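Protein chains: 2
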Amino acid sequence: MIMYAAPIEKLIDALKKLPSVGQKTAERFVFHWLASGKKEVNDLRGALEELLKKVKSCEVCWNFTDTSPCHICANAKRDHTMVCVVTEPPDIAAIEKTNEYHGTYHVLRGLIDMSAETELSDLKIKELWKRLSENKITEVILALNPDLPGETTAMYLEREIKTKWPKIKTTRLARGLPMGSDLQYADEITLGSALKNRKEV
Amino acid sequence: MIMYAAPIEKLIDALKKLPSVGQKTAERFVFHWLASGKKEVNDLRGALEELLKKVKSCEVCWNFTDTSPCHICANAKRDHTMVCVVTEPPDIAAIEKTNEYHGTYHVLRGLIDMSAETELSDLKIKELWKRLSENKITEVILALNPDLPGETTAMYLEREIKTKWPKIKTTRLARGLPMGSDLQYADEITLGSALKNRKEV
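The listed protein sequences derive, respectively, from chains D and C. Numbering-wise (the working numbering), the first sequence opens with residue 3 and increments by one. Numbering-wise (the working numbering), the second sequence opens with residue 3 and increments by one.
Chain D on its own, in the form it takes in the complex (with noise of 0.2 Å):
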């Protein structure tokens, strides 16, 4: 039984694809939009349009862009001896925000993971071992998380590169205890990182 016009019931179908939306917040996406009037709904499917037409992958890094290649990889203040690996766009961002990093990045676009349908081949992988070939890059940054399949990718790129490229310096984040956090509630694997990599004051 079809509760809401065609329109709406479309629509809502159409939100419920999202990460965590169901059909309630669905719902209250939609009369909230009918509420706010024509304008806001506008500049939606304006920015829409606008995301499909303009919004590509950097053929460098693989980040999301509107020119390719990317402002990152365009920019020659930034250190191109330099590439961090990370898992997608927004890890950029946030490693970004921190300001600590002026090198390059590596998008791989997903992780090696067993459990999931990923494939190796659909990861941006041999396009990082061609940066690494013609480029002179002398150190990789792995950015990936701290959890299973992030640890798999990490090793098994650290030995390509080990193996393919000896001279390149290979690193990975530093594991430790988060800002704000508490002792207490640690895990045992990040204390017994931080108590190994623990620093002189």
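I should point out that these hints are in silico values taken from the structure, not numbers from a laboratory. Any given hint could turn out to be false.
Treat identical chains as interchangeable: a pair holds within one or across any two.
Heads up, simulated DSBU-like pairs for lysine-lysine below, C-alpha to C-alpha not over 35 Å straight-line [what the hints assert, rightly or not]: (1) K132 x K58; (2) K171 x K26; (3) K166 x K99; (4) K128 x K26; (5) K41 x K128; (6) K198 x K171; (7) K26 x K58; (8) K19 x K201; (9) K164 x K201; (10) K12 x K55; (11) K41 x K55.
Treat the numbers as computed from the prediction; the structure is a model and nothing was measured.
We have chain D already, so just place chain C on it with the hints.
Only chain C this time, still in chain D's reference frame:
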């Protein structure tokens, strides 16, 4: 400092206007679409366009609809002597799901709320009076939320209807314990109503 390509930032800003969607959720939505491919984005864009073009207000009951009068107002099998007054269009769907009501509706499009900027004249109250004057309505059910704005609005409508149309029966939804609830945690007003309105079995 712009973190993402301009079209991505623009879409994030448009999404942040949705209820309970902040920067992080909006980012997740946009990157979901970028990963999902063009079809899903295009479907959503089309659905928004249809919403803009096809959905309007029913000029009888003020529900959102793609036909005016809406399919409920136009349905001769429904009981047109009864009007159920609700706050917003989604309330109609909630009542329809019960299969207990076969009359018509009237959407106020808001409530009398001293703390908000809703004006009495924004509500579809004049339109309700017009229906009560022109049609053979015998009962008005006030199906408003049992909270302060809902109660205030119900009391106001009740008084007006009793004065202007003394022959029309005005009713409210029953108060009582909801299914699956725990007597110990029921507030005293609900439990008091449940006691007062107890039914012989």
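Against the structure, the hints come out as follows:
1. Proximity of K132 to K58 under the C-alpha cut-off of 35 Å is restricted to the intra-copy arrangement: shortest distance 20 Å within a copy versus 55 Å between copies.
2. For a Cα distance limit of 35 Å, the shortest separation of K171 from K26 across copies, 33 Å, qualifies, whereas the shortest one inside one copy, 50 Å, does not.
3. In this assembly of identical chains, the alpha carbons of K166 and K99 lie at most 35 Å apart only when taken from the same copy (32 Å versus 64 Å across copies).
4. For a Cα distance limit of 35 Å, the shortest separation of K128 from K26 across copies, 31 Å, qualifies, whereas the shortest one inside one copy, 42 Å, does not.
5. With identical chains, the CA atoms of K41 and K128 are at most 35 Å apart between copies only, with a shortest distance of 27 Å across copies and 45 Å within one.
6. Proximity of K198 to K171 under the C-alpha cut-off of 35 Å is restricted to the intra-copy arrangement: shortest distance 21 Å within a copy versus 78 Å between copies.
7. In this assembly of identical chains, K26 and K58 lie within 35 Å of each other by CA distance both inside one copy and across copies; the values are 32 Å within and 21 Å between.
8. For the identical chains of this complex, K19 and K201 are neighbours neither inside a copy (46 Å) nor across copies (45 Å), given an alpha-carbon limit of 35 Å.
9. When the C-alpha separation of K164 and K201 is checked against a cutoff of 35 Å, the pair qualifies only within one copy, where the shortest distance is 27 Å, while the shortest distance between copies is 79 Å.
10. For the homomeric pair K12 and K55, the shortest alpha-carbon distances inside one copy (23 Å) and between copies (13 Å) are both at most 35 Å.
11. For a Cα distance limit of 35 Å, the shortest separation of K41 from K55 qualifies both inside one copy, at 21 Å, and across copies, at 13 Å.
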